[in-house]
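**Student:** Here's the letter readout for the chains.
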Amino acid sequence: MSEQAQSNPLVRRPVAENAAAETRKMILTLSSVAALSGMLIVGVYQYTLPYIEANREAMIEKAVFTVVPGGVQKRAYGFSDGAVIPDPASAGFGERFYAVYGEDRSFLGTALEASAQGYQDTIRILYGYSPEKACVVGMTVLESKETPGLGDKIDLDPVFKANFKALDAAFDSASGKLVHEVTVTGHGKKINPWEIDAISGATISSKAVGAMINRSLQTNLPRLLPHVDALKENTP
Amino acid sequence: MTATGMSESIWPVYTRGLWRENPVFVMQLGMCPTLAVSNSVINSLSMGLATLAVLVASSALVSLMRNVIPKQVRIATYIVIIATFVTVVDYALQAISLDIHKALGAFIQLIVVNCIILGRAEAFASKNSVVRAITDAAGMGLGFTFALICLGAVRELLGNGSLLGFDVFGPQFEPWAIMILPPGGFFVLGAWLLVFAWFKERSARTAARKEPSHAG
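Protein chains in written order, with our numbering: chain A, 1 to 236; chain B, 237 to 452.
Just so you know, the hints here were simulated from the structure itself, not pulled from any lab data.
Since the structure is predicted, the reported quantities are computational estimates derived from the model, not experimental observations.
In this text, a Cβ means the ideal position worked out from N, Cα and C, and glycines have one as well.
To give a feel for the contact side, a few chain B residues facing chain A, derived at Cβ under 7 Å: (1) 305; (2) 306; (3) 309; (4) 313; (5) 316; (6) 320; (7) 323; (8) 324; (9) 327; (10) 330; (11) 331; (12) 334; (13) 413; (14) 416; (15) 417.
From just these sequences and the hints, can you work out the full model?
**Tutor:** Shown next, in the form of structure tokens:
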């Protein structure tokens, strides 16, 4: 037994050295591959960033001018403690809005962000609000994972989109609430101008859009309407 | 080796993935993105090309490094290499078109776990020269793209009445919405697999019929 115990370290030493060399090689390979990968990703990120930002900008621009018909110029604003500040650096989703101006630099309305849980995931939209008409004047979906063929009609169905061409959103400043809450009715049952006709087969998605617009109007109109005159003057 | 000799040995490597060992129709690999994003031709094409790019780049790099990667950490190394190229493709796609990037959603990032790519790295690129590895990857990637377009074309045509966004059947056509929903993916894939199985059996039967006449 003792002979075996003595011989064991002698046998193991070269194996241990081998293992150490192998471990070193593994670490070396993995770290060099990781370093190479990091450099490649940073390079590509730097190169594509301006293109990606331009694409995002174009997407927002298109959406803003879709929801406020006739708009050609815009200015970003953020809500902050009862005031509106131009060109907010880091306003979260829903805390930002765009003042939209026509060709003759007249103030046409604002584009606001809203979001709510849909059937699959959070739906984010942009809608236009005209203080002059006291109406929602347009709506477009920014982000949605709703079921293709059913829920995604909230962005594709022209009949549903027509609900938002002149959706009554009169605001009673005395009570600080909408005169009529925006509500979603069953398909084909819309009577009043503050109602949204739901899409048949996509009631949950339709209701989500109605609810987010209603909530966004209730929260944002009290802090937006006092500044409308300032927005009219501050043309871009 | 002469030039013709080289092209002769390379050609089967290329066509294998396109047809005989088509990753989707024959090997039935990468089913998850196949079923998920093949609801229109443009989505299929973008997904196919994104996978092709990742496949070719990672196969080339794996083949280049095949003699220095220790056996114990080869899978980890392949995954790092594949994930790198997936990230690169992700940024490139965002720079090209945000709409397509939005339509493909999470499936771009999920190319990392597409078994076709890791499969080719392990089974082919790690044992072959760079030229052969790239050829094999190009064949497999194009075969995958071809299969996705086969599915996407049928699904878009029936589910939306259009092809590449152009209206085909006119306003009278009532789209079969189910075709662009997940069940439609299974139906169309099943139908294509049936077609391929039928082809395979028919060619096997003709080969079997020829054999006795040869002997006779």
